[in-house]
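Quick mapping for you: the protein sequence lines, in order, are chains A and B. When you line the first sequence up against my numbering, it's residues 1 to 354, in that order. When you line the second sequence up against my numbering, it's residues 1 to 388, in that order.
Hints are computed from structural coordinates only; laboratory data are not their basis. Treat the hints with care, since some could be wrong.
Claimed, not checked - Below, computed lysine-lysine pairings styled on DSS-like, alpha-carbon distance capped at 30 Å:
#, chain 1, residue 1, chain 2, residue 2
1, A, LYS227, A, LYS313
2, A, LYS313, B, LYS384
3, A, LYS227, B, LYS384
As the list claims (entries may be wrong) - Between beta-carbon pairs, the in silico distance windows are:
#, chain 1, residue 1, chain 2, residue 2, range
4, B, ASP9, A, GLY186, 33 to 41 Å
5, B, GLY232, A, ALA31, 56 to 64 Å
6, B, ASP148, A, TYR236, 43 to 51 Å
7, B, GLY306, A, GLY178, 55 to 63 Å
8, A, GLN127, B, PRO276, 20 to 28 Å
9, A, GLU217, B, PRO196, 51 to 59 Å
10, A, GLU34, B, MET103, 54 to 62 Å
11, A, TYR236, B, GLU218, 39 to 47 Å
12, B, LEU274, A, GLU34, 47 to 55 Å
13, B, LEU362, A, ARG157, 56 to 64 Å
14, A, ALA21, B, ILE278, 43 to 51 Å
Glycine included, each C-beta is placed from N, C-alpha and C at the ideal position.
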Amino acid sequence: MDFTFSDEQRMMAASTRELLADICSPAVLRALAEGRDASGAARWERYCELGLPGLLAPESAGGVGLSNIDFVLIAEELGRAAVPDALVEHAAVGVPLLAEFAGEPRVQPVLEAAAAGTGRVAVALPQEPFVAGAGEANWLVVVAGGELHLVPPSEVRLVEQPANDRLRRLHRVDYSPGPATRIATGAAVRDACSRAVDRGALHAAAQCLGVAERMLEIAVAYASDRKQFGHAIGAYQGLKHQFASAQVKVEFARPVVYAAAASLGESGEKMPVAVSHAKLAAVAAADACARIAMQAHGAMGYSWEVDLHFYMKRAWALAGAWGDGNFHARRVQAALWSGAQPLGPAHTFAATEG
Amino acid sequence: MAIALHYTDAQRAFRAEVRAWMAANVPREPLETLESARGFAAHREWERTLARGRWGMVTWPEEYGGRGCDLIEWLIFEEEYYRAQAPTRANQNGIFLLGPTLMEFGTPEQKARFLPRMAAGEEMWAQAWSEPQAGSDLAALRATALRDGDEYVLRGHKIWSSRAAYADWGFGMFRTDPASERHRGISFILFPLDLPGVRVRGIPQIHGETGFAEIFFEDARVPVANRLGAEGAGWQIAMATAGFERGLMLRSPARFQATAERLVELYRQHAAELDPAIAGQVAQAWMDAQAYALNTYMTASRLIAGGTIGVEASLNKIFWSELDLAMHDCAMRILGCRAQLLPQAADAGDVGAWLEGYMFSLAGPIYAGTNEIQRNIIAERLMKLPRA
Chain A
1 MDFTFSDEQR MMAASTRELL ADICSPAVLR ALAEGRDASG AARWERYCEL
51 GLPGLLAPES AGGVGLSNID FVLIAEELGR AAVPDALVEH AAVGVPLLAE
101 FAGEPRVQPV LEAAAAGTGR VAVALPQEPF VAGAGEANWL VVVAGGELHL
151 VPPSEVRLVE QPANDRLRRL HRVDYSPGPA TRIATGAAVR DACSRAVDRG
201 ALHAAAQCLG VAERMLEIAV AYASDRKQFG HAIGAYQGLK HQFASAQVKV
251 EFARPVVYAA AASLGESGEK MPVAVSHAKL AAVAAADACA RIAMQAHGAM
301 GYSWEVDLHF YMKRAWALAG AWGDGNFHAR RVQAALWSGA QPLGPAHTFA
351 ATEG
Chain B
1 MAIALHYTDA QRAFRAEVRA WMAANVPREP LETLESARGF AAHREWERTL
51 ARGRWGMVTW PEEYGGRGCD LIEWLIFEEE YYRAQAPTRA NQNGIFLLGP
101 TLMEFGTPEQ KARFLPRMAA GEEMWAQAWS EPQAGSDLAA LRATALRDGD
151 EYVLRGHKIW SSRAAYADWG FGMFRTDPAS ERHRGISFIL FPLDLPGVRV
201 RGIPQIHGET GFAEIFFEDA RVPVANRLGA EGAGWQIAMA TAGFERGLML
251 RSPARFQATA ERLVELYRQH AAELDPAIAG QVAQAWMDAQ AYALNTYMTA
301 SRLIAGGTIG VEASLNKIFW SELDLAMHDC AMRILGCRAQ LLPQAADAGD
351 VGAWLEGYMF SLAGPIYAGT NEIQRNIIAE RLMKLPRA
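Let's have the full structure, built from the sequences with the hints guiding it.
If you want it as structure tokens, here you go:
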């Protein structure tokens, strides 16, 4: 029993943070949101240099062969930066989903390109109808009519869904399935889909932790600087106590997210409850941080000029991605009421202990 | 080091050993409340039974009556303890708070004198910190311990001292420098509660039982050897104790997981008749109890790897106290009209321990440092917001 990350895991997260501070600064986010930036391809190059797209790809496809627990701190960093590219969707959902079907001759070359980052993939599932990264994808993994298809962009119709988070472009992917693109059918598709949703939810939760902390940092800095009635507003308990409550939520979401990452590492089938709990807890924490961060900024927090809103909108976007609150709350409750979830003090690690 | 959320074979064997011992030894019927003379005596006897099995305090070194367990084994022990519905630890102020403090700051003589008897359940401890004018502002305390040869002469008035009505010893904070102010000039002193010049008056709690007491010191004399740590270092030592209290040991996660399990079962029995919103509250309670457990395992792993616990203790204290209150509040809603009844009422149904638990949970945000004080600590020391 050990609940500490390795030095390697921490170092990878630190390198990711360093890169993102450089290429996803608030100035970059602002330029993108205001349509003054076209650096997307250059950014993707930098992600590839660090090997991020293929971290979870099997070594047989040229990837690094890491697991969800290795990626979770990286996803946290990507959330912290409100990364304006569908990197998590590619690396932590698209690539692992393709890897499940690597035996298919048509999949292997796409997987290899995805692992190298030269080919970008996006995933459209019935559970995740608004697809991030579809606009930039070289391949789309589409589930339609219970079948899994690997489709080039030329064969789908993308319906852009203008989104509140302008740094996360969303599309509906319309596709009329035909036999030429079919990869798999039946139960294998259903199971693979549900694992993909779990991976998406887990890493959305990790991003929520990161963006939550970022919002607190921005707001603490502001509240320490801004003076009213002769004192920094952050010295008043009315704000302090709200800040502390939000920090409590972040701290108690964190181990839930990490434990869920470890449980997915064991086997994709074990205990989706752990993932749903992680998503609910991390979303609630990010939501609480967004609220206090905005309140601490006063009217400034409601303005476009302050950077805070980029991070708030990411938090709200992630709340609805990869299973919204209704989906995850129902999944937890179903397991509790049916008795599928073992209860009580000796079952803390039901998800990993089996 | 890397995350591996599996128990080792040795940890599984340890769990099996605890489980078997609890199955054979936990009293079949719940003991009387420990907030009565008879109930306290029964709990004292249970502490002795635990000690005979060498389960008094598993993390302590063997020489003091422990088993030298690490914190993961402690968590496993606690899980099995609550799973078996074993009695409340009447000596928790001793074993969870003073014990670790003695281990860190005590002289070899003090450790040998106090720890084995604490682990054996022979001496029960009460905490004597708060005063009528020094609650949240503990540094305003005025009780004094003036040096007279080889003795300190204790004068003053302590209050809200849990267990003091029935315990044997107290650990308190006194000004050894009467001219001192605030955090300076305070010393940490151990004293017998039956000492001449020490008068204990029980204070009934909202349920009518004597759960805490006030203590009057009227020139009570204790040897200087009863001082823990250096003269004037009492505040730093007390804050270390408070860290243990809020941080890890006082409220092990198993306690809340056991409550959450009972809550889910209560909900299942009554689901058909309830406001649908209650389902979400019950699920939230289970998730939060689970989160608290995972967080504690993470903290334990960090400590085993050489880390420390500091301000994080305040995060824990807020979380567990609010969780406990939320769970009991939810149970009262489920019980509905029956929540008015005492458990012995003819039609009380499954009110059982929920009412008493609810009332006790209301104290959680107050004792061990109010949650308002914890929020100040988090905001100022962890988040670095400006001080008031």
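Are the Cα positions of A/LYS313 and B/LYS384 separated by 30 Å at most? Status holds; Cα separation ~26 Å.
Between the beta carbons of A/GLU34 and B/MET103, is the distance compatible with 54 to 62 Å? Between A/GLU34 and B/MET103, where Cβ atoms are some 60 Å apart, the hint holds.
Does the alpha-carbon distance linking A/LYS227 and B/LYS384 stay inside the 30 Å limit? holds, 16 Å
Taking the Cβ atom of B/ASP9 and the Cβ atom of A/GLY186, is their distance within the range 33 to 41 Å? holds, 40 Å
Between the beta carbons of B/LEU274 and A/GLU34, is the distance compatible with 47 to 55 Å? Once the Cβ atoms are compared, 50 Å apart, the range 47 to 55 Å for A/GLU34 and B/LEU274 holds.
For the range 20 to 28 Å, tell me whether the beta carbons of A/GLN127 and B/PRO276 fit it or not. For A/GLN127 and B/PRO276 the Cβ distance comes to about 24 Å; the hint holds.
Status of the given 56 to 64 Å range, CB of A/ALA31 versus CB of B/GLY232: holds, 59 Å
Given a hinted range of 43 to 51 Å, is it respected by the beta-carbon distance of B/ASP148 and A/TYR236? holds, 47 Å
Supplied distance hint 56 to 64 Å, evaluated on CB atoms of B/LEU362 and A/ARG157: Given range 56 to 64 Å: holds, Cβ gap about 59 Å.
Quick check: does the Cβ-Cβ distance between B/GLY306 and A/GLY178 fall within 55 to 63 Å? holds, 60 Å
So does A/GLU217 sit 51 to 59 Å from B/PRO196, Cβ to Cβ? Since the Cβ atoms of A/GLU217 and B/PRO196 sit about 57 Å apart, the hinted range of 51 to 59 Å holds.
Using the Cβ atoms, figure out if A/TYR236 sits within 39 to 47 Å of B/GLU218. holds, 43 Å
Taken one by one, the earlier hints all hold for this structure without exception.
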